[in-house]
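*Asks:* Now for the letters of each chain:
Number of protein chains: 2
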Amino acid sequence: MQAGKPILYSYFRSSCSWRVRIALALKGIDFEMVPVNLIKDGGQQFSKAFQALNPMKQVPTLKIDGITIHQSLAIIEYLEETRPTPRLLPRDPKKRASVRMISDLIASGIQPLQNLSILKKVGEETQLTWAQNAITSGFNALEQILQSTAGKYCVGDEVTMADLCLVPQVANAERFKVDFTPYPTISCINKRLLALEAFQVSHPCRQPDTPTELRA
Amino acid sequence: MQAGKPILYSYFRSSCSWRVRIALALKGIDFEMVPVNLIKDGGQQFSKAFQALNPMKQVPTLKIDGITIHQSLAIIEYLEETRPTPRLLPRDPKKRASVRMISDLIASGIQPLQNLSILKKVGEETQLTWAQNAITSGFNALEQILQSTAGKYCVGDEVTMADLCLVPQVANAERFKVDFTPYPTISCINKRLLALEAFQVSHPCRQPDTPTELRA
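Residue numbers (the UniProt record's numbering), protein chains in the order written: chain C, 1 to 216; chain B, 1 to 216.
This is chain C alone, in the form it adopts within the complex (with noise of 0.2 Å):
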């Protein structure tokens, strides 16, 4: 076992390490964080010490209980698992897979398609128009998909894994420009989660390396 806090790996800006801060945060775990700035210096993400530790060379990583963790859902399941309290996932099983269908819709529908290492791919002439086409296409299907799982949040009346994958991926949408009105359920969930604490201190302008231009 290592000793000492868990380390998150993490980049301000970056949906997927969100998702995990929220997490740390509705959980109450302590943990030390690592800047990894998805920018400069080329990538830090690209630095030999840092493939040493995620060869996938993306954030977050976790470094908790003596093994190191990537991909944020993955993270997610293992402190439900080791830190139940408090659940991110209901008791009843068809409940839960609602929560792992909304969370995987984004996590590999939505997201992947529109983050920085592809819209670079795609060339900065088309990268607007690729990632609207990639959040819309999927906003659209979760929009419909919310009406019939949504209480107060995503799933039922309980925050879960499915909100902490909605809110970063809305951020996302709002940088992008993403016209919200088709997305009424999106809109109204999102907001009820904005006003929770933990989703306020994980919140991108927040964090230790957000640039002070940034902050709020």
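Check each hint, because a few of them may be wrong.
No copy labels: a pair is met if it fits in one copy or bridges any two.
[What the hints assert, rightly or not] With a straight-line cut-off of 30 Å between C-alpha atoms, the simulated DSSO-like cross-links for lysine-lysine are:
1. Lys-95 / Lys-27
2. Lys-152 / Lys-191
3. Lys-177 / Lys-120
4. Lys-27 / Lys-63
5. Lys-94 / Lys-27
6. Lys-48 / Lys-177
7. Lys-177 / Lys-121
8. Lys-48 / Lys-5
9. Lys-27 / Lys-120
What the hints contain is simulated information worked out from the structure, not anything from laboratory work.
Let chain C serve as the given structure and place chain B on it in line with the hints.
*Replies:* Just chain B now, kept in the frame of chain C:
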């Protein structure tokens, strides 16, 4: 509760559908298959009837126990929670984290970047290179990660959800003519898995909707 067998909406060549077909085979779950041809008629997933079932317009989709689940990993996790034998996730939370990390690496980090709808957007001229880059960049990381997690299979000596993701992704890599020289661990595990009955009966070359010329 819905009466009758689970219904899997599947496409023979969809790597995400194959993941679920392996899970169903391993767990000995009897099911009905409804083929959804992603090419024919401009893509049957875009039909109104299918969109009503899955607003993401993707396979796999599973109707089971009165609910409809999309997203392959959410489906597999539900099967694991409701039909736990044989296990597809180890008991030890740290090993479960490894399984989910590898599964997510493939399901979020590789597959979405080389699937049919993205390659269409990328355009015919560059799509082979695009797909190869997405796969090799993920496999470079995976090869390294497997060196510390693998036994006979991806994580230890039991078949897990990670293996259900690996084999279909390797098949895609082969279709895109990826050079496997740098991936001895991936190749070796893939070969072992393909020898198992559940991976054979669920294989794309042996589905009800496999075109005659691709059957084996």
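*Asks:* All the hints need checking, so say for each whether the structure fits it.
*Replies:* Verification of the hints:
no.: 1; hint: Lys-95 / Lys-27; verdict: both (20 Å within a copy, 22 Å between copies)
no.: 2; hint: Lys-152 / Lys-191; verdict: within (11 Å within a copy, 48 Å between copies)
no.: 3; hint: Lys-177 / Lys-120; verdict: both (18 Å within a copy, 24 Å between copies)
no.: 4; hint: Lys-27 / Lys-63; verdict: within (16 Å within a copy, 33 Å between copies)
no.: 5; hint: Lys-94 / Lys-27; verdict: both (23 Å within a copy, 19 Å between copies)
no.: 6; hint: Lys-48 / Lys-177; verdict: between (35 Å within a copy, 29 Å between copies)
no.: 7; hint: Lys-177 / Lys-121; verdict: both (20 Å within a copy, 21 Å between copies)
no.: 8; hint: Lys-48 / Lys-5; verdict: within (24 Å within a copy, 51 Å between copies)
no.: 9; hint: Lys-27 / Lys-120; verdict: neither (35 Å within a copy, 42 Å between copies)
Checked against the numbered hints given earlier, the structure breaks only hint 9 and satisfies all the rest.
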